[in-house]
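Trainee: Letter by letter, the chains look like this.
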Amino acid sequence: MGKIDLAIGIGGAAGQGIATPGDILARIFVRRGLHLSAYNAYQSIIRGGHIFLTLRTSDEPVLSMGDKLDVLLPLNQDTMDRHLRLMGAGSLVLYNSDKIKPGAAAAGVQLCPFSVKELALNIKGDLVQNTIALAAVLRLIGVEFKILEEILTLQFGRKGEAVIAENVGVARAGYDYAGAHFKPFPFSLPDTGKKLGFFEGNQALAMGGAAAGVRFYCAYPMSPSSGVLHWMARHARQLGIMVRQVEDEIGVINMAIGAAHAGCRAMCATSGGGFALMSEGLGSAAMMEIPVVCIDVQRAGPATGVPTKTEQGDLWQVMGAGQGDYPRIIVAPTTILDCFKIVPQLFNLVDKFQCPGIIISDLLLSEGRSSVDPAELDFHVPIDRGEVIGLDGDIAPVNGGYQRYKITESGVSPRALPGTPGYVHVVATDEHDEDGVLISDEFTDPHKRQAAHEKRMRKMEGILALLEPPKLFGAGQAEVTLVGWGSTEGVIREAIEKLAEEEGIIANNLEIKWLVPLHADAITSILSKSKKVIIVENNYSGQFARYLRSETGIVADGHIRKYDGEPFMPHHIVDGVKKILAGETEKYVPVHEIMV
Amino acid sequence: MGKIDLAIGIGGAAGQGIATPGDILARIFVRRGLHLSAYNAYQSIIRGGHIFLTLRTSDEPVLSMGDKLDVLLPLNQDTMDRHLRLMGAGSLVLYNSDKIKPGAAAAGVQLCPFSVKELALNIKGDLVQNTIALAAVLRLIGVEFKILEEILTLQFGRKGEAVIAENVGVARAGYDYAGAHFKPFPFSLPDTGKKLGFFEGNQALAMGGAAAGVRFYCAYPMSPSSGVLHWMARHARQLGIMVRQVEDEIGVINMAIGAAHAGCRAMCATSGGGFALMSEGLGSAAMMEIPVVCIDVQRAGPATGVPTKTEQGDLWQVMGAGQGDYPRIIVAPTTILDCFKIVPQLFNLVDKFQCPGIIISDLLLSEGRSSVDPAELDFHVPIDRGEVIGLDGDIAPVNGGYQRYKITESGVSPRALPGTPGYVHVVATDEHDEDGVLISDEFTDPHKRQAAHEKRMRKMEGILALLEPPKLFGAGQAEVTLVGWGSTEGVIREAIEKLAEEEGIIANNLEIKWLVPLHADAITSILSKSKKVIIVENNYSGQFARYLRSETGIVADGHIRKYDGEPFMPHHIVDGVKKILAGETEKYVPVHEIMV
Amino acid sequence: MNAMVETDIRVRGAVETRSERPKLSVKDFKGRVDPDWCPGCGDFGVLAALKQAIADLGLHPHEVMTISGIGCSSNLPGYINAYGMHTLHGRALAVATGAQLANHELKIIATGGDGDGFGIGGNHFLHTMRRNVDLTYIVMDNQIYGLTTGQVSPTSIKGMQTKSTPFGSVENPINPIPLAIAAGATYVARGFTGQQKHLVELIKGGIQHKGFALIDVFSPCVTYNHENSHEFFKQRTQKLEDIGHDPTSFQAAMEKAYMWGDVIPIGLFWKRSDLPALDELEPVLAEGGSLAHRPLGVSPQAAKALISELM
Amino acid sequence: MNAMVETDIRVRGAVETRSERPKLSVKDFKGRVDPDWCPGCGDFGVLAALKQAIADLGLHPHEVMTISGIGCSSNLPGYINAYGMHTLHGRALAVATGAQLANHELKIIATGGDGDGFGIGGNHFLHTMRRNVDLTYIVMDNQIYGLTTGQVSPTSIKGMQTKSTPFGSVENPINPIPLAIAAGATYVARGFTGQQKHLVELIKGGIQHKGFALIDVFSPCVTYNHENSHEFFKQRTQKLEDIGHDPTSFQAAMEKAYMWGDVIPIGLFWKRSDLPALDELEPVLAEGGSLAHRPLGVSPQAAKALISELM
Ligand SMILES: Cc1ncc(C[n+]2csc(CCOP(=O)(O)OP(=O)(O)O)c2C)c(N)n1
Ligand SMILES: Cc1ncc(C[n+]2csc(CCOP(=O)(O)OP(=O)(O)O)c2C)c(N)n1
Ligand code: SF4
Ligand code: SF4
Ligand SMILES: [Mg+2]
Ligand SMILES: [Mg+2]
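Residue numbers (our numbering), protein chains in the order written: chain A, 19 to 614; chain B, 19 to 614; chain C, 1250 to 1560; chain D, 1250 to 1560.
Everything labelled a hint here was simulated from the structure, so no lab data went into it. Mixed in with the good hints, there may be bad ones.
[Stated by the list, open to error] Quick list of in silico lysine to aspartate or glutamate cross-link-like pairs, DMTMM-like style, CA-CA up to 20 Å:
1) Lys-1407/D / Asp-1523/C
2) Lys-359/A / Glu-1558/D
3) Lys-1520/D / Glu-1504/C
4) Lys-596/A / Asp-85/A
5) Lys-117/A / Asp-144/A
6) Lys-1459/D / Glu-1354/D
7) Lys-1459/D / Glu-1536/D
8) Lys-424/B / Glu-472/B
9) Lys-1407/C / Asp-1523/D
10) Lys-605/A / Asp-539/B
11) Lys-359/A / Glu-486/A
12) Lys-1553/D / Asp-453/A
13) Lys-1407/D / Glu-1504/C
14) Lys-466/A / Asp-96/B
15) Lys-135/A / Asp-194/A
16) Lys-135/A / Asp-116/A
17) Lys-605/B / Asp-85/A
18) Lys-1279/D / Asp-116/A
19) Lys-1553/C / Asp-539/B
20) Lys-466/B / Asp-96/A
21) Lys-1407/C / Glu-1529/D
22) Lys-1407/D / Glu-1531/C
23) Lys-1553/C / Asp-396/B
24) Lys-1279/C / Asp-451/B
25) Lys-466/A / Glu-611/B
26) Lys-605/B / Asp-539/A
27) Lys-466/B / Asp-539/A
28) Lys-1553/D / Glu-394/A
29) Lys-1279/D / Asp-85/A
30) Lys-597/A / Asp-575/A
31) Lys-605/B / Glu-569/A
32) Lys-1279/D / Glu-452/A
33) Lys-1520/D / Glu-1490/D
Bound-form chain A, shown alone (with noise of 0.2 Å):
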């Protein structure tokens, strides 16, 4: 980490309005150019509960939500039992004294006690407390004044001069009261001279549609994937993409299955539950060849589970969607940048090869937020559709000759948009010729049946080898090698600085990012001169390592797995990591302290 590496937590109730402290703080972290990651952990509730915000901010890229907290904001008594035990020398912790008891802290620890009955005697509800510890914060981190005021002031623009000045007042109140009360932290926050922006996974994963050019985006909301359709709505007019909330995750894929076979890229996300009702559709998008793409945002199950928690449980469940052998791409980002990336690339594959795509995140990333630097954020992606007939012009009529399923050693036949002239044909879940005749009817055919699975099968090794192999990041030799799928990326590679800074043990990281499918003979190259291999999960059974195993025999050394609905701290692998490598045990399942 920089210089800076800052982490404030703030908590209460839901509907406590932690959102709004948070989202100033973060927009005043990116404004100065640093860097930021947030992560939020709340319940299945509208009100009441206990909402956790970790906010964590850095003048370098900030990996994950770190291992400590610098500034607490408690906001109800519940906030301040559970987290000021966890508070370390040097961290402050700032609270309506009026409200809520601090119990034992921690030597080193600062208790910023403040009065909002004596610094706002006179303004009504609840939401004046987190104005106060807001501004103190911002004094003692070396924030100026004025920045706050200028926010506050577009926040209540709209209610008028007096709401205005009322609240800038107790801003006011609360920083000098900060200033002159509590010790400040030995460094101002510094202003990079550059800004930066923050977005969430789902927002990312949309606008990554957008620049792939969705024009037709459908869902049934279902946390934590419902992010991506609010963009979406928000965004549909002046993007003119079709937004459509349906009935049901069935409606959803079969919908975008429609307007994709129509010549729109499509797409749609959901979480496990709607996408265990998906998966019949996904298997007759590959056998219409269709390319259509749906995201899975996991979250911890099974069943219903707990809607508002992270997990990595769905890996198997999406290998396995719908009955029989089909071709598909399944991809898991590893980053909220990323998120924004791979979309417009994984359409590209899936039109090219008209199979359905599956992007695979999960809640940390989803809802994650990170800062991103605007000159990473690039629309004009390259576009391939692949080869389709009918999106000029100039096409001429074939009159009935035209095979929509040619068997082609690329197991891709050019495919015709509904609506070209001299192309009619028929597209089928049922078995098909070339023709798109059903072979299952009448006079089924053994042959035919075994080359037309064969072409669809072959698009397969056409992707792979389009795919990008993955890299071993970090040093080249290394007494242990961590390997994990998808999000926890950031975390493993924050766990390696500490293992090296603190414990001196030389770790590197392999994240696979694309799983189906996979580059087998590059991850048993990398791994095969790997000292010990310990793979790092978010799930009970060690999905990705059976599936690693599947396809390359490789069984691990170690496994370090979190199954609580949290996601990992660094110091949870740090720890798993010492105890795999002094050989107390193969498999090391980290208690989160936090209780959230």
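Since the structure of chain A is provided, determine the placement of chains B, C and D with the ligands on it from the hints.
Mentor: Just chains B, C and D with the ligands, lined up with the frame of chain A:
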């Protein structure tokens, strides 16, 4: 095979009445105590196309449909054209020369034309050719005419004396004509004195359900699983089983879960596409800890695929069904009799461990027919409902203290049936505490979540301990071990006989029945002693081979795969083993010679 | 009225006589935890009315099972002292049908939201109604997807602005009342959480009705639906009794069902008693006693008959 | 009549004028293979009527797409020279909605069976109707599951003996006509394959109707349904025109829809033209031109705006 090994093929168009002579022959065989295996190759239409029924009988158990036909009864020209070229020396072909012309036959094939016009001048309708052909066959395999006479008398009983006399007369004419003009087989079909029956796999599964005490059966029709529904519907009243056809497969699994929770043993069946729709429900049964049994009768996929053709292509779908990790049992019966026996065993397991159980069958097994010794059909099976409160009258009410999901070492918590006073509780698909209260709401709790998840998953160890490990079949010392799963047992074992007899190659067989949880150690210890391992399976991608590798690391030396919709014939495996042992290939995909 | 219910409820073993049964009160039906609904959520009113109805009918906790899907409203089974199943989103009616047929001696009450029941659950809704399964189905209809933080629902009015329709929905909503009548439900009512006593009576009527009873309840979501608020319905709902209505008249029922504007009728729109419930028609249940408690296995004679079919 | 359709069909690029367009005949719509239906199957009649209707309307093969699920009837797209999708069992309407919105210049005709549409497909049926998607939906209603060799269907009459109900069905059937009206369909008709000309007109009317058109067709299964045969309907069906009917009257439509006995009405039960179809309401389509043919990608200005939201 035994001294007698006779295979008869009857082919024609749908609607030509192939079933009746097939049934009569089958009945005659098993009533003489001869064994039988029958497989019908058909299409997804009601009239027309090409149907080909193979009936094979022997004085020893019949393991597959075999490699050769001794008798061909083509009921139309198409059948003659497709199959004559495959008939070998010593075989005979019986056909109506009024309508059907033979092509070139191999040396030693006896062509036996008969003229329906001559033998049955005054009788209308096409079915008379079937009666004549049937009578002629019986004559040539040395079955006394009176047996056919009895059957026809019974069959036409309701239509009156005249019809009976007419049909018996025609049959007599065909019987005598064959005696006078054709060379009979050098044996007379023996009568062992014992009586066998015959049934198809779906019937066996249904009867197994009845034996297990299934009280609730529901389904949505889907080939090739509908036979279970039809048997259940026919016997519903007689056996006191509630049988329901539901609006869709999602309704099916959820209705079965409701019935199971209320206290019935509940079962349902479907094929791949329907199973896809059930996958979310299966996970919910595991989460609520409700025992339920679901049968997936595989057909050729993906998507609608080839609805009347066989495949083993759903293994990964079944293993990955539903989001997240959850306990489940997956079993693939290896014979039709096994279909019967497995069901009560599985019900005892799912009742004991309160989780879903999945039977993975396929069209070959489920619509194939086999002789059965009635002594094997034991309906008096042990029934173990596990720990259930509320099945008998004497329960001490606990008045609110009851914990449905009590954390135990085995992972099993005693369940109470709704209606039982004093044990009121709520089951939930959301993650929940021991008392059933949600922990996904209000205050999620990673420690409780972890404990609940581990409790459920612990069941897998208890289940494995109760499953019989797979055993090696055949020679202890062999050149090659053929590994299969489910329905391939018979054909692999017949191929082993052939390999020994014809090629002098000693092979043995490890057939896997219990798939999840898998006896990985037992399998590893067996296969580590094998000189060569070849995996035989009826799908494209080697779904089992990949699974076996994921659980044991075993990499087979060769693969024999087939995915053209038709089942393996013994010589396909023989050829594959030869080629693989000779080092010509690692993967052998036979071409199905018979165009059915 | 209670007498009727008493005889309906057969406690396994002996049928308890009325005098032996202690009559319970609403507080006996308090669940293990308090609801976590937002303060002011209409669902509190449905829960209260349901508990009241069950207590009024003299039912005991173990004789009742509530079955829900997923949604804010579907959390209800956790808040009432009765057997309960909190199943998958949209699947309550399918599960409930299985449970009802497996043990038709239980009183089964399906509960859930408009999204759960009319959105993803629409197909089960349709078919459960035509089968006339003996269930009481209470829909907490807030015309929004609450638990997923406010998206359009099949009953959201046209123009409604939600997270998934920020510029207003362009789809026509479902009207559950005529739909239920056309699909074959035999007891079709609409309640409002602002009319507690009336709602209690509708629910009691539904539980007592032998066959499928739909009670669609305006149960306002205070957090995500600001169009169709408590106030909105308070100003517009009028009882069918007051308007004047014959629930046995199809035509009258349809006419009233389409009223939506200054007057929105609540009450019992439609009831027919001439169609038997599915369990009454199912011959397997004619022998008496719930399936769930019949002994397992096949008698030796039956086994013999089954085997002889194969010979 | 044709003129109207001609203007509706925009061929991409230039709009061909009417005079340039050769008028096609039924034989131009012959598919690649002949149907494999059982001889005598009602579905032949539907196929013939559909081809006739399309030819009559002056449509060309590439301007039409038929979309079906799975079933005997759902094989139809294979037998007509037009674009076609033979999708999953029950999913035709969902796929058709996607295709229609993606390219609203196509004439999309969904076809299938009673099991496909009212059984497993029931939820899409319901919601496609309420959305008033501009589709023509022809159900070949044989009151049986044909392709799976004869099980009960949601429209099978009570008492019907099938492979899954060998002692007779105990469930009440769905009546698609009132159900469709209550669910919000804007063109609701019933045809009979024994009345070809009449059927052709109903289908033409459906195709010309802007919005969701249901045409439920008695299309007897000669193999598995011996109750509801061609003869059965021949004796009972009467045209609404002959009986006298106003399809704009809700009450009249409902009344006629429930007639079932010696007289079974066929014809147009219900039509309303005041509700716009979904594509007409969808602002994204207002710009004109089908979505499928709009250029991909985001303009630099739009990209800038999107990014600035993050800053
Ligand atoms: C298969 C599936 N899809 C989506 C969801 C997400 N989900 C949970 S509740 C809900 C809708 C809730 O709306 P409603 O049923 O009206 O209940 P309310 O919260 O308004 O009471 C949705 C879409 C889910 N749990 N499962
Ligand atoms: C998910 C799924 N379930 C079941 C089936 C099996 N299936 C195919 S067609 C059909 C029903 C056919 O009935 P209908 O739609 O009325 O068409 P018909 O054959 O009568 O024309 C069924 C159940 C399937 N293909 N997919
Ligand atoms: S979000 Fe709406 S429906 Fe859900 S609890 Fe709050 S008020 Fe009730
Ligand atoms: S089975 Fe029935 S519906 Fe199917 S083709 Fe034959 S007659 Fe037509
Ligand atoms: Mg709702
Ligand atoms: Mg049908």
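Trainee: For a quick check of understanding: which of the numbered hints are violated here, in increasing order?
Mentor: Checked against the structure, the hints that fail are numbers 12, 13, 17, 18, 19, 27 and 29, while the rest are satisfied.
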